[in-house]
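K.L.:
Sequence:
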Amino acid sequence: MSTKADLKFVRSLHQKKVRDAEGLFLVQGPKLVGELLASGWPVRSLHATAEMAAQLRLNDAEVLPAHELDRLGTLENGNSVVAVVERPAFRVFAPLGTDELVLALDGVADPGNLGTVLRIADWFGIGRVLCDRGSVEVFNPKCVQASMGAVFRVAVHYVDLATVLERERAAGATLYIASMEGKSAFDLQLRRPAILVLGSESHGVSTAVRALRGETLSVPRVGAAESLNVAMAASALCMEFTRQRTTP
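Using numbering that gives the first Met the number 0, read the sequence shown as starting at 0 and increasing by one per residue.
Take these hints with a grain of salt, some might be off.
No farther apart than 20 Å at their CA atoms in a straight line, the calculated lysine to any residue pairs in the SDA-like style are these [claimed, not checked]: (1) K30 with V62; (2) K7 with E75; (3) K16 with P87; (4) K141 with G111; (5) K141 with R70; (6) K15 with T73; (7) K30 with D69; (8) K3 with H66; (9) K182 with R220; (10) K7 with L23; (11) K141 with R220.
For each label pair, taking beta carbons as the anchor points, the in silico distance ranges come out as [stated by the list, open to error]: (12) G124 with S183: 19 to 25 Å; (13) V91 with P64: 42 to 48 Å; (14) P87 with P219: 35 to 41 Å.
Derived from the structure by calculation, the hints contain no laboratory data.
Bear in mind that the values here come from a model prediction, so they are computed numbers and not experimental data.
Idealized CB from N, CA, C, for every residue including glycine.
Take the sequences, apply the hints, and build the full model.
P.N.:
Quick look at the structure:
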């Protein structure tokens, strides 16, 4: 049974500096904990209400009252089960496969956007996402929640983005940069292996990435909306990459 100090430690994982130092993060709510257990990722501890422990058959979970779980979790609702999970070991970004598409995020600061992009990548069968080192942390609770389990299936690599993009292009990958000034994705023959770079809605991609002079492409605009956020743009462009790959 956990002591007050143990529960205080779980609450401390709300903070990025503690997550970084301990190599741990939180997974919350029955849907995501179910995804976690199916993934095989190492679980340090489980905490649940008696009802949720029985429902999910969590024989190893520590049973706590709902008010205590609300203190452990970060959600407004759904803190009926909270898991403390070990981060995966660091993996070097390997060269692209022959037919692979990788997403690259440059300066994305909103955890909800990153989590949604992971969910989109998972939907379209994209197994890897590159993030520049200034992007938001993938194990932020809001990001984990927004990913809806994709965080367990899509590998996220934090890198010096311009350096990796230049290296992969030299190795034969096509570099595409999403930009409102780019050609319509519908008018391009999208080649693979490829890396699709998306920046933040407010700033776009960085100067260092623009200097690589990748092929710019855009989501064609018909109406009067000023812009799309990074997740919306990712969804639309991944759809076109998939359509062109599957169309005879």
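K.L.:
Are there hints from earlier that the structure breaks, and if so, what are their numbers?
P.N.:
11
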